[in-house]
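Those protein sequences? They're chains V and Y, same order as listed. Read in the numbering used here, the first sequence has 283 at position 193, and its numbers run on one by one without any break. Read in the numbering used here, the second sequence has 214 at position 213, and its numbers run on one by one without any break.
No wet-lab data here; the hints were simulated from the structure. Some clues are possibly wrong.
Each pair of labels, with its calculated beta carbon distance range [what the hints assert, rightly or not]:
1) V/A425 / Y/I56: 32 to 38 Å
2) V/K213 / Y/A168: 38 to 44 Å
3) V/K213 / Y/I95: 39 to 45 Å
4) Y/A212 / V/G287: 47 to 53 Å
5) Y/Q234 / V/P562: 42 to 48 Å
6) V/D219 / Y/F108: 31 to 37 Å
7) V/A535 / Y/V61: 31 to 37 Å
8) V/K281 / Y/P139: 48 to 54 Å
9) Y/Y28 / V/K213: 46 to 52 Å
Listing some non-contacts, in silico: residues in chain Y with all C-beta distances to chain V over 12 Å [unchecked claim]:
10) A15
11) I166
12) L181
13) I206
Ideal Cβ placement from N, Cα and C applies to all residues, glycine included.
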Amino acid sequence: MAKETVTAPKYREFREIPVIVEGAMANSKPYAAKPAHQESVGFPGELVDNWQDVAVKKLGELVSGSRALQVFLDTCVKCGACTDKCHYYIGTQDPNNMPVARQDLLRKVYRRHYTFAGKYFPKLVGALDFTEEVRDLWYSYFHQCSQCRRCSVFCPYGIDTAEISMAGREVLDSIGVGQKYCNEILGKVHKIGNNLGLPEPALVDTLEGLEEDLEDDTGHKIRVPVDEKGAEVLLITPSADFFAEPHIDGLMGYAKVFHQAGISWTLSSYASEAANFSMFIGSHENLKKAAMRIREAALELGVKRIVVGECGHAWRVAYSFWNTLIGPFDFLDKAYPSPSHICEVTYGLLQKGAIKLDKEANDHRIITFHDSCNVSRASRMGNMPGGQFVIPRALLKAAANNFYDMAPETIHENTFCCGGGGGLLTDELMDLRVKGALPRMEALAEVVEKYDVNTLVAICAICKTQFAKVLPYYKFPMDMITSLHQVVGDAIVLGGNH
Amino acid sequence: MTLTVLYAILFYAAAILFIGGIARKIYIYAKTPAPLKIPTTPAPLTKPGVAWRIIKEITVFQSLFKSNKWIWIFGWLFHFGLLLVLLRHLRYFIEPTWFWIDLIQPFGKYGSIAMVVGLFGLWARRFLVDRVRYISSPSDHLMLLLLISIGLTGMLMTFFIPINIVAVKGFIMGLMTFDLQPLPGNAVLLIHLALVIALLVVFPISKLLHAPGLFFAPTRNQRDNPREQRHVQGWSAEG
Numbered sequence: 091m092a093k094e095t096v097t098a099p100k101y102r103e104f105r106e107i108p109v110i111v112e113g114a115m116a117n118s119k120p121y122a123a124k125p126a127h128q129e130s131v132g133f134p135g136e137l138v139d140n141w142q143d144v145a146v147k148k149l150g151e152l153v154s155g156s157r158a159l160q161v162f163l164d165t166c167v168k169c170g171a172c173t174d175k176c177h178y179y180i181g182t183q184d185p186n187n188m189p190v191a192r193q194d195l196l197r198k199v200y201r202r203h204y205t206f207a208g209k210y211f212p213k214l215v216g217a218l219d220f221t222e223e224v225r226d227l228w229y230s231y232f233h234q235c236s237q238c239r240r241c242s243v244f245c246p247y248g249i250d251t252a253e254i255s256m257a258g259r260e261v262l263d264s265i266g267v268g269q270k271y272c273n274e275i276l277g278k279v280h281k282i283g284n285n286l287g288l289p290e291p292a293l294v295d296t297l298e299g300l301e302e303d304l305e306d307d308t309g310h311k312i313r314v315p316v317d318e319k320g321a322e323v324l325l326i327t328p329s330a331d332f333f334a335e336p337h338i339d340g341l342m343g344y345a346k347v348f349h350q351a352g353i354s355w356t357l358s359s360y361a362s363e364a365a366n367f368s369m370f371i372g373s374h375e376n377l378k379k380a381a382m383r384i385r386e387a388a389l390e391l392g393v394k395r396i397v398v399g400e401c402g403h404a405w406r407v408a409y410s411f412w413n414t415l416i417g418p419f420d421f422l423d424k425a426y427p428s429p430s431h432i433c434e435v436t437y438g439l440l441q442k443g444a445i446k447l448d449k450e451a452n453d454h455r456i457i458t459f460h461d462s463c464n465v466s467r468a469s470r471m472g473n474m475p476g477g478q479f480v481i482p483r484a485l486l487k488a489a490a491n492n493f494y495d496m497a498p499e500t501i502h503e504n505t506f507c508c509g510g511g512g513g514l515l516t517d518e519l520m521d522l523r524v525k526g527a528l529p530r531m532e533a534l535a536e537v538v539e540k541y542d543v544n545t546l547v548a549i550c551a552i553c554k555t556q557f558a559k560v561l562p563y564y565k566f567p568m569d570m571i572t573s574l575h576q577v578v579g580d581a582i583v584l585g586g587n588h
Numbered sequence: 002m003t004l005t006v007l008y009a010i011l012f013y014a015a016a017i018l019f020i021g022g023i024a025r026k027i028y029i030y031a032k033t034p035a036p037l038k039i040p041t042t043p044a045p046l047t048k049p050g051v052a053w054r055i056i057k058e059i060t061v062f063q064s065l066f067k068s069n070k071w072i073w074i075f076g077w078l079f080h081f082g083l084l085l086v087l088l089r090h091l092r093y094f095i096e097p098t099w100f101w102i103d104l105i106q107p108f109g110k111y112g113s114i115a116m117v118v119g120l121f122g123l124w125a126r127r128f129l130v131d132r133v134r135y136i137s138s139p140s141d142h143l144m145l146l147l148l149i150s151i152g153l154t155g156m157l158m159t160f161f162i163p164i165n166i167v168a169v170k171g172f173i174m175g176l177m178t179f180d181l182q183p184l185p186g187n188a189v190l191l192i193h194l195a196l197v198i199a200l201l202v203v204f205p206i207s208k209l210l211h212a213p214g215l216f217f218a219p220t221r222n223q224r225d226n227p228r229e230q231r232h233v234q235g236w237s238a239e240g
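Okay, chain V solo, but in the shape it has when bound (with noise of 0.2 Å):
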């Protein structure tokens, strides 16, 4: 899709439901996954003779292993309360992306095979064999879902149209039919260790121009280890923070931070990636190879802690799935909760008093926070339930004078995804990132009006490379994007009391 096409749409006026039209995104559709891409994450590198059977075998092996979707494609009434939720449908009125409509492509498929009404009576109950046409369908729709779980927050039964969504990918991905975006990457995390590719001297090479850097804006020697054995803490974090703007400014805030608390830490060259995409393409295989990396490593450089730096889905694999793919962590120090988000260890910090923020240092900041709708719906930070939303904020209260939040069903548990997540963040599908980001560009619009704001921070790497790009189609420059640790670096006080 040449990028010239693609223009925002326009904001809601009152935040009316949009209509329904049909077909609106039929042609979107990511780049196919070559051979090589497919076969380096264990799948089929084209499409397999017998699909329709693979898949539909494949479907039923999905279910029977997963309490969550035999219920979901069980329960669903219909009642169209997610109807309104997903933001894709919000900015592309295609009735494909209303998470019920999305769910039955698959709830279709599974009733014509493993229901009684839909082997007897498929018209009655819209039941469909699994056809060319509704395979591209799958592709088509099931790569315009981000997982990001809002419509599960509004279901009465709690379905959660990101279980449904990973599994279609699954199937396809069995047959293969899959993503070159993301099995392109994941490719590269089992073969090099992070997403990028970065092997080990350019990640070395890239740390220690970064420590330059450093010594020259701070005057401090702060350092930003890699592969140091003994260290206290292991530090995994997204690789846009080894390379991008605004990443990179984070990873120097993790630095700085560390660095006051006199905290010993390290990078690994071999687990260099927090990301970690299986989960995108619900390859369970996949997610527990990728993440396996992480305890070798962890138990290479014997390390006493685990922190994850910031990056939401990563954060909900690190958080809800570690323990259970790569645990127990009997390993690890047991004073510390395994893993440790970046944000509950700077917050501890600031309680303690082993760091200290002067706010003032960020003054020229009008700030509000974008709530990642993993770490939102799909996680947690400290000991209560919420404590997602209440830690980031108070680490920017803390650092900052000026804060203000969205509209509050935009945020928390409501927020709306930026447009990007869930393996989506490439650029052949940038209308559609730039259509699903509307609601949150209208939230933000909302107190960039009423209150000035000029910084948008958010604590995830497909949040904050989306917003980079996305902004500036809806007029708002594209560094308003910050790290929250770019605003807790700029605001710590070095130097002194340790």
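With the hints as your guide, set chain Y onto chain V.
Frame of chain V; chain Y shown alone:
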């Protein structure tokens, strides 16, 4: 007498399909593993917390309330009305009736009105709201038609054409004790009962499974404690 035997057979068959079908589904839900922790957060940290979350979903439809007030009003009217109606019907199954069943009788009458009003509201949305129209299958319409027909035939007997309820009770008690008693040959009653039989039969093979399903949704019934307690099940428990 033929009619009595026919309805008796149908009721027994429907009861077997209903109970057997639901038991089978509950068994499947319970035994299917939940390999990962996926509660929709913020989620309760404790078991009583989870129980409270689910109680709120069942009694006041908490998520639906947050989601859409129209669906909530109609859905809640229907379900609460249905509950009152079902409680009122207990008098046909228990002899002597418990005192609170006697107490609830008049409320059951109002319940029937609430139920049918709610159902018509939900049905109207399937025609009037473009998004809901798009997602409705013929079966979604038929289900509402079935429930409304049950409600209306019941109300017809309650409010306009009284039937011999003593005889109906005799028939039902007879079914339960395997001692067949004659079923009154009232047309409205026969339609009402036939529709109820149909409802019992389709329950375990339709979206009505949302009733037992709600208790098994991992997004709602899991505790938020993955760091504190290692969770393994199904594939995640294997090697």
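key: Hint check for Y/V61 and V/A535 - Cβ pair distance inside 31 to 37 Å   = holds, 34 Å
Consistency of beta-carbon spacing, Y/A168 to V/K213, with hint 38 to 44 Å = holds, 41 Å
ask   = Is 32 to 38 Å a correct range for the gap between the Cβ atoms of V/A425 and Y/I56?
value = holds, 36 Å
Y/Q234 versus V/P562 beta-carbon gap, inside 42 to 48 Å or not = holds, 46 Å
task = Examine each Cβ of chain V, and state whether all of them lie more than 12 Å from the Cβ of Y/I166.
result = Y/I166 is indeed farther than 12 Å from all Cβ atoms of chain V, at 32 Å.
query = For the pair V/K281 and Y/P139, does the Cβ-Cβ distance stay inside 48 to 54 Å?
reply = Since V/K281 and Y/P139 have Cβ atoms about 51 Å apart, the given range 48 to 54 Å holds.
Exclusion check [Y/I206 not at the chain V interface, CB over 12 Å] = Check fails; 5 Å does not lie beyond 12 Å.
ask   = Between V/D219 and Y/F108, does the C-beta distance stay in 31 to 37 Å?
value = violated, 48 Å
key: Minimum Cβ distance from Y/L181 to chain V greater than 12 Å, as the annotation requires   = holds, 30 Å
ask   = Should the label of Y/A15 as a non-interface residue stand, given a Cβ cut-off of 12 Å to chain V?
value = The claim stands: Y/A15 keeps its Cβ more than 12 Å from every Cβ of chain V (closest is about 15 Å).
ask   = At the C-beta level, are V/K213 and Y/I95 separated by a distance inside 39 to 45 Å?
value = holds, 42 Å
Verdict for Y/A212, V/G287 (Cβ pair) under range 47 to 53 Å = holds, 50 Å
When each numbered hint is compared with the structure, violations occur for hints 6, 9 and 13.
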